[in-house]
Amino acid sequence: MKGQRLLGLGYLTPYIVGLLVFTAVPFLASLYLSFTSYDLMNSPRWSGIANYVRLFTRDRTFIRSLNVTLLYVFLTVPLKLTFALFIAAILNYKLKFINVFRTAFYVPSILGGSIAIAVLWRYLFASEGLVNMALGAVGFGPVDWFGDPTNALFTITLLRCWQFGSAMVIFLAALQSIDRSLYEAAEIDGAGKVRTFFFITLPLLTPVIFFNLIMQMVQAFQEFNGPYIITQGGPLKSTYLLPLYIYEEAFKKFNMGYASAIAWVLFLIIMVLTLVAFWSSRKWVYYAGDKRS
Amino acid sequence: MSASGSSSSLPETSPENHKTRTRTKTGKTGRNEPMKLSTTGLFAKLLAGSALVGALATSGAHAADLRMSWWGGDSRHVATQKALKACGDKYGHTIKAEFTGFDGYLEKLTTQMAGGTEADIMQVNWPWLPLFSRKGDGFADLSKLKGLDLSNWTQAELASGEMNGVLQGIPVSTSGRVFFFNTTTFKKAGIPVPESWDGFFAATKVLKEKLGKDYYTFNAVKETAQLLITLVVVQKTGKDLVDPKTNRVAWTVDELADGISFYQKLVDAGAIHSMKEDAAAGNVNLFEKPDWADGHIAGSYEWDSTYDKYAKPLKEGEVLEPVEMLRVPGAVTDGVYRKPSMVFSISKHSQNPEAAAQVLNCLLNEPEGIDALGTTRGIPSSKAATARLGQDTSKVGVANAIVMGASGPTVSPFNENPEARGAFLDTLEQFAYGQLDAKDAAGQIIDSVNDVLAKFD
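Line by line, the protein sequences give chains P and W. Under my numbering, the first residue of the first sequence carries the number 0, and numbering increases by one thereafter. Under my numbering, the first residue of the second sequence carries the number 67, and numbering increases by one thereafter.
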């Protein structure tokens, strides 16, 4: 028994060491650094809450970037989840070559985060790109996707929504696990497709919607590649998400302490929103077999 | 292009040296620090023995183990390794090569500098000197090392490598911004390539009338827009952005506002794309734009050493020429933006600074290094190297000759400080999108850049 326990601990040790060295220590170190002034060349100098005071009282770029990030998350997450659920519902039908379609729709999420796709996006939505050419072919004028500060964030949002594959696969798995007898009962009672979707499918999907909501929200708050490659945060900081700001402060301006403070504010925002989502889940998430439901 | 993250070790040239090489906990080679590890007797004896011999071997400039780091493309990597081999053989040193592409080099160097594990010899971008050596104590003082013959550089060149009066980097080559024009486009319109800014605006008008409104005489985005404004202000005032005496912006609000208005004049005349148009096109590099390749954009203001980068993508029949500096009416100087393209520095933590200086001298001033390196880092600054390599008659050489022959004040490295440049460009963007007028933009730029400069007081 003792030997087995030691063996188990032996197997766990690499993970625990990795977690401590590569996650816990940097995590705590960044908390300490957020209360210092640190330029990498000299030792960190304790500055108390000065970084945080500057963030909320004097740094207009931070406020702008925070607003842009919140707008981006609130635009991206619902759009992406709706789209992923819509495609999953279609792919749940028994069609010919359905597995090919499922694979094809999943592929963008594998490629989506890559630099190459971000570059492709830049060419697609450029003033003389494919999208404007297509719009021109059906009689519309060209849209200034990147040059107009209002459109630029939306264009970046579309890139994120395009990577709906992972959320879609989870929705698809959940759709397939719904008991068919519920649909049969609804059909006998005369319920149409729309009614069945809203009164049977959707309630039974709420645990998965909740899971996807948390995961997508956390990922959206950390978005970097798209805006960095496509717009570099512009024009007029309209796509300047907080991760870009953290990167520039840390690695271009060497303000490690300040960058750590921004990272911690971002972490707290994500944590608070996650807690709110958990708290609200009691009202809208249905778990079969749960007495509260 | 580049061999990112690659490193290679040159063949050992000194068997004795091989025996003595040890590595400290910080990864540096050379003299051992006292070992605190619990070891077997044999291992301890070996270490003690190697430490003793190592200390003896590193006390002079002979048979040293060194490291050198740089960024670049493949041609530079190959040439530098060849040069290190030649110089290592000459003096009996072993030099480990650590090379990468430009992207990520600053982050790597910064991390190494922060941890005191930087290479003995480093290639450092000139504007980074204030980042690493604000007070002149970030690197070894090159003027105090015997092996380096500084008489191959002018006083002005040496001054550009000084921080706080201490020689922190030796200029490898000098680079500057120069005008490139697509002569084919101008020929098509039946007009000569402009020789002054007045001639430039007249040519723009004719170009648009004869070839179409989608033809542009010039390109000015991001850094190029900033440097173009800088050029105009310097030509009118004779002053660089930063006053070296006060370490503050040397220009008045009115002087900078004039430069910004000049930029707007270029947009209004249809000489360049507006910032909004460029953003809409997806912020594509000029040399990747189809409009550049086919001559629809007929000129730009770029580094002399980048001639090939801009000439090669042009379609067949399109010819790109470096031309003399265009001057505004009443200019007091050509306003050339000329600076050391990069410097070589020696680590202040090096266990063998004299040996490192010996290698550096070989690379820059001695036939073995000069022949192997050639012009892989631009036209060399060292007199010995230029004398040996002879006159460069390529277009890069012509462009460099224009830069070297033009007049202008000494350029401060703070022109390219990432934070100062960011502040300049952010405000310029606000101006370009109509959120600020020229005077407000100038005031905001001066205040922001002064805030950055104040950090270096």
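I should point out that these hints are in silico values taken from the structure, not numbers from a laboratory. Just so you know, not all the hints are guaranteed correct.
Pairwise CB distance ranges (calculated) [stated by the list, open to error]: (1) P/TYR31 with W/GLU173: 36 to 44 Å; (2) P/LEU129 with W/GLU173: 45 to 53 Å; (3) P/ILE114 with W/ALA359: 22 to 30 Å; (4) P/GLN231 with W/ALA359: 35 to 43 Å; (5) P/ILE62 with W/ASP203: 31 to 39 Å; (6) W/ASP503 with P/PHE210: 49 to 57 Å.
With a straight-line Cα cutoff of 27 Å, these simulated DSS-like cross-link-like pairs (lysine-lysine) come out [to be verified]: (7) W/LYS355 with W/LYS378; (8) P/LYS252 with W/LYS210; (9) P/LYS252 with W/LYS331; (10) W/LYS331 with W/LYS254; (11) W/LYS174 with P/LYS251; (12) W/LYS505 with W/LYS311; (13) W/LYS505 with W/LYS148; (14) W/LYS521 with P/LYS251; (15) P/LYS251 with W/LYS414; (16) W/LYS355 with W/LYS254; (17) W/LYS381 with P/LYS252; (18) P/LYS251 with W/LYS331; (19) W/LYS311 with W/LYS210; (20) W/LYS311 with W/LYS331; (21) W/LYS355 with P/LYS252; (22) P/LYS251 with W/LYS271; (23) P/LYS252 with W/LYS305; (24) W/LYS288 with W/LYS449; (25) P/LYS251 with W/LYS375; (26) W/LYS414 with P/LYS252; (27) W/LYS174 with W/LYS505; (28) P/LYS252 with W/LYS521; (29) W/LYS381 with W/LYS271.
Calculated Cβ distances over 12 Å to all of chain W for the following chain P residues [to be verified]: (30) VAL16; (31) LYS93; (32) ALA103; (33) VAL193; (34) ILE228; (35) THR273.
Backbone N, C-alpha and C fix where the C-beta goes; we use that ideal spot for every residue, glycine too.
We went through each hint and held it up to the structure:
Checked against the given bound of 36 to 44 Å, the beta carbons of P/TYR31 and W/GLU173, roughly 21 Å apart, lie outside it. Evaluation of the 45 to 53 Å hint for P/LEU129 and W/GLU173 yields a failure: the beta carbon distance comes to about 35 Å. Between P/ILE114 and W/ALA359, the C-beta spacing of about 23 Å keeps the proposed range 22 to 30 Å intact. Taken as a hint, the range 35 to 43 Å is violated for the pair P/GLN231 and W/ALA359, whose Cβ atoms sit roughly 23 Å apart.
Distance hint check for P/ILE62 and W/ASP203: the Cβ-Cβ separation is about 38 Å, which falls inside the suggested range of 31 to 39 Å. In this structure, W/ASP503 and P/PHE210 meet the distance hint of 49 to 57 Å, their C-beta atoms being roughly 52 Å apart. With a CA separation close to 12 Å, the supplied pair W/LYS355 and W/LYS378 stays within the 27 Å bound. Under the criterion of a C-alpha separation no larger than 27 Å, the hint pairing P/LYS252 with W/LYS210 is inconsistent with the structure, at around 31 Å.
Pair hint P/LYS252 plus W/LYS331 does not hold up; C-alpha atoms about 32 Å apart against a cutoff of 27 Å. Straight-line distance between C-alpha atoms of W/LYS331 and W/LYS254 comes to about 24 Å, which keeps the hinted pair within the 27 Å bound. Of the supplied pair hints, the one linking W/LYS174 and P/LYS251 holds, its CA atoms being roughly 12 Å apart against a limit of 27 Å. At most 27 Å may separate the alpha-carbon atoms for a hinted pair to count; W/LYS505 and W/LYS311 meet this at roughly 25 Å.
About 53 Å separates the Cα atoms of W/LYS505 and W/LYS148, which puts this hinted pair outside 27 Å; it is violated. Between the alpha carbons of W/LYS521 and P/LYS251 the distance comes to roughly 15 Å, so the proposed pair stays at or under 27 Å and holds. This hinted pair checks out: P/LYS251 and W/LYS414 have alpha carbons roughly 24 Å apart, not beyond 27 Å. The hinted pair formed by W/LYS355 and W/LYS254 meets the criterion: a straight-line CA distance of about 20 Å does not exceed 27 Å.
Taken as a hint, the W/LYS381 and P/LYS252 pair is broken in the structure, with Cα atoms around 39 Å apart against an allowance of 27 Å. Restraint check: the Cα-Cα separation between P/LYS251 and W/LYS331 comes to about 32 Å, which exceeds 27 Å; the hinted pair is violated. Distance hint between W/LYS311 and W/LYS210 is fulfilled; the C-alpha atoms sit about 25 Å from each other, no more than 27 Å. With a C-alpha separation of about 33 Å, the suggested pairing of W/LYS311 with W/LYS331 is violated against the 27 Å cut-off.
With a C-alpha separation of about 30 Å, the suggested pair W/LYS355 and P/LYS252 falls outside the 27 Å cut-off, and the hint is violated. Distance restraint check for P/LYS251 and W/LYS271: the Cα-Cα separation of roughly 41 Å exceeds the 27 Å cut-off, and the hinted pair is therefore not satisfied. A threshold of 27 Å between alpha carbons decides the hint, and for P/LYS252 with W/LYS305 the separation of about 26 Å falls inside it, so the pair holds. Under the criterion of a C-alpha separation no larger than 27 Å, the hint pairing W/LYS288 with W/LYS449 is inconsistent with the structure, at around 34 Å.
Under the criterion of a C-alpha separation no larger than 27 Å, the hint pairing P/LYS251 with W/LYS375 is consistent with the structure, at around 25 Å. Using a Cα cut-off of 27 Å, the hinted pair W/LYS414 and P/LYS252 holds, with the two alpha carbons roughly 23 Å apart. Of the supplied pair hints, the one linking W/LYS174 and W/LYS505 is violated, its CA atoms being roughly 40 Å apart against a limit of 27 Å. Note on P/LYS252 and W/LYS521: the hinted pairing holds, with a Cα-Cα distance of about 12 Å set against a maximum of 27 Å.
This hinted pair checks out: W/LYS381 and W/LYS271 have alpha carbons roughly 24 Å apart, not beyond 27 Å. With a least beta-carbon separation of about 20 Å from chain W, P/VAL16 lies farther than 12 Å from that chain, consistent with its non-interface assignment. Remark: the non-interface label on P/LYS93 is consistent with the geometry, its nearest Cβ contact in chain W lying 42 Å away (cut-off 12 Å). With a least CB separation of 26 Å from chain W, P/ALA103 remains clear of the 12 Å interface cut-off, as annotated.
For P/VAL193, the non-interface assignment is confirmed: its Cβ lies about 41 Å from the closest Cβ of chain W, beyond the 12 Å cut-off. The beta carbon of P/ILE228 is not kept farther than 12 Å from every beta carbon of chain W, the shortest such distance being approximately 9 Å. Every C-beta of chain W lies more than 12 Å from that of P/THR273, the closest at about 31 Å, which supports listing it as non-interface.
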